[in-house]
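2 protein chains.
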Amino acid sequence: MILCDIGNTFLHFYYRGRVWKEKRNNLSQKDSSEVVIYISVNQESTRSLLLSHPYCFDLTPYMNLDTNYKGLGIDRIAACNAISDGVIIDAGSAITLDIMHDGLHLGGCILPGIAQIQKGFKSISVLDCGINLSVPLDTLPQNTKDAVSYGILKPIILLIENFSKNKKIYFTGGDGKFLSRFFENAIYDDLLIFKGMQNIITAKITSKGIYL
Amino acid sequence: MILCDIGNTFLHFYYRGRVWKEKRNNLSQKDSSEVVIYISVNQESTRSLLLSHPYCFDLTPYMNLDTNYKGLGIDRIAACNAISDGVIIDAGSAITLDIMHDGLHLGGCILPGIAQIQKGFKSISVLDCGINLSVPLDTLPQNTKDAVSYGILKPIILLIENFSKNKKIYFTGGDGKFLSRFFENAIYDDLLIFKGMQNIITAKITSKGIYL
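Heads up: the sequence lines are chains A and B, in that order.
Every letter in the first sequence is one number past the one before it in the working numbering, and letter 87, counting from 1, is 87.
Every letter in the second sequence is one number past the one before it in the working numbering, and letter 146, counting from 1, is 1146.
Quick caveat, the hints were computed from the structure, so don't treat them as lab data.
Every residue, glycine too, gets a C-beta built ideally from N, C-alpha and C.
Accuracy of the hints is not assured; some may be wrong.
[As the list claims (entries may be wrong)] Calculated lysine-lysine pairs in the DSBU-like style (CA-CA distance at most 35 Å, straight line):
| hint | chain 1 | residue 1 | chain 2 | residue 2 |
| --- | --- | --- | --- | --- |
| 1 | A | Lys165 | A | Lys70 |
| 2 | A | Lys167 | B | Lys1119 |
| 3 | B | Lys1021 | A | Lys119 |
| 4 | A | Lys21 | B | Lys1167 |
| 5 | B | Lys1030 | A | Lys122 |
| 6 | B | Lys1070 | A | Lys23 |
| 7 | B | Lys1070 | B | Lys1208 |
| 8 | A | Lys168 | B | Lys1030 |
| 9 | B | Lys1204 | B | Lys1021 |
| 10 | A | Lys177 | A | Lys70 |
| 11 | B | Lys1119 | A | Lys145 |
| 12 | B | Lys1030 | B | Lys1208 |
| 13 | A | Lys122 | B | Lys1145 |
| 14 | A | Lys204 | B | Lys1145 |
| 15 | B | Lys1021 | B | Lys1165 |
| 16 | A | Lys21 | B | Lys1119 |
| 17 | B | Lys1119 | A | Lys165 |
| 18 | B | Lys1195 | B | Lys1030 |
| 19 | A | Lys168 | B | Lys1195 |
[To be verified] Which bits of chain A does chain B cover? Going by a derived footprint, with three or more residues having C-beta under 8 Å, they are:
| hint | segment |
| --- | --- |
| 20 | 83–89 |
| 21 | 103–109 |
| 22 | 129–142 |
| 23 | 196–208 |
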């Protein structure tokens, strides 16, 4: 059984303890006797997967979450199924924040990813100066590059602080490891979505004797 | 005497108590007996102004500010010359934050403007859903449009709060009026940059008997 989380930029795979990502136009051949169980937020990439592998299974109809939120992305539903209490930050091309409390999803928000925010400066040439990821966030910037870097990172950090309060923070996604360093009560877990998928598979499929 | 602040998107004019903005490719004819005193962060727009009006005066060489910040934009220097204590937020295509204390500039930062941050969602079609400017910022979002709107506005508000602490906040720029509504200790002043220019003109030029 291979797990696959199809995002907007990459297809993320999990197989026997190993995670890796692939671009949709360059998918590797996988053992055709293994089922690929997937969730997806990108139809084009889903088509590429279905064309590249003979035996795929869409987990979407089995996914659910106790929430009032309308239109929650399937990747966020999966990550929320991995924990029952805490804040989940998935920092990729977009950054999503979701709060779980006693197995209930309380709500969430979405901001552009770090690279996307940086693109917001492209139209103003003097501000298109790259990002200093080690800019001090506890002192006031004194030059343009630090001012831009601070203006990208500090609002994200403040939002996460404001969101998480005393809850444990679970980071995942490409920029998750970097962002997790700013918080004491945080862990980085690149398996979070796969753990949520696995919980669903165990609870809804294999426990009912369905063979994949 | 007409004052002009040349930004990245518009040329902003001040004349006899009235302010207005013009695009660089559609500049109006002005009274040719009046000098246009300008500062600029955009060379192309400066050229357009110089071609459209016979008598222009660049205030840049007269501008100064007590600061350790390297590369502060001339429009920010002008705005900082308008006050001696407080936080200045110029919310246009970029949002700049600057702190003044006893006439000294302590530092500042820059983030993309609201419209620019919104563009960061364009590449993800499901998130390109527009912005709800009246999204509640004290409750957790429960749908995609609110989650995106919250993710654009809340980090900006938190950064301004964190920056300003108990200082008075002076908002200017296109989104300044909207953002000022989130703060009690704030005023919106669309003349801030012109007031700073006027202070420089009074202190450095007309007080010395230079005739413009």
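Outcome of the hint check:
1. Lys165/A with Lys70/A: Holds, at roughly 24 Å.
2. Lys167/A with Lys1119/B: Roughly 31 Å between the alpha carbons, so the hint for Lys167/A and Lys1119/B holds.
3. Lys1021/B with Lys119/A: Measuring from Cα to Cα gives roughly 26 Å; hence the hint holds.
4. Lys21/A with Lys1167/B: Cα-Cα ~48 Å, so violated.
5. Lys1030/B with Lys122/A: Within the cut-off at roughly 33 Å; holds.
6. Lys1070/B with Lys23/A: violated, 41 Å
7. Lys1070/B with Lys1208/B: Judged against 35 Å, a Cα distance of about 29 Å means the pair holds.
8. Lys168/A with Lys1030/B: With Cα atoms ~61 Å apart, Lys168/A and Lys1030/B exceed 35 Å; violated.
9. Lys1204/B with Lys1021/B: Given pair Lys1204/B, Lys1021/B holds - Cα atoms ~26 Å apart, limit 35 Å.
10. Lys177/A with Lys70/A: Roughly 29 Å between the alpha carbons, so the hint for Lys177/A and Lys70/A holds.
11. Lys1119/B with Lys145/A: Given pair Lys1119/B, Lys145/A holds - Cα atoms ~21 Å apart, limit 35 Å.
12. Lys1030/B with Lys1208/B: holds, 27 Å
13. Lys122/A with Lys1145/B: It holds: about 25 Å lies between the C-alpha atoms, which stays within 35 Å.
14. Lys204/A with Lys1145/B: holds, 31 Å
15. Lys1021/B with Lys1165/B: Holds. Lys1021/B to Lys1165/B sits at ~32 Å (cutoff 35 Å).
16. Lys21/A with Lys1119/B: holds, 26 Å
17. Lys1119/B with Lys165/A: This hinted pair holds, its Cα atoms lying about 29 Å apart.
18. Lys1195/B with Lys1030/B: Since the Cα atoms of Lys1195/B and Lys1030/B sit roughly 21 Å apart, the hinted pair holds (cutoff 35 Å).
19. Lys168/A with Lys1195/B: violated, 48 Å
20. 83–89: violated (count 0)
21. 103–109: holds (count 4)
22. 129–142: With 4 residues closer than 8 Å to chain B, the segment 129–142 of chain A meets the three-residue bar; holds.
23. 196–208: violated (count 0)
Hints 4, 6, 8, 19, 20 and 23 from the list above are not met by this structure, while the remaining hints are.
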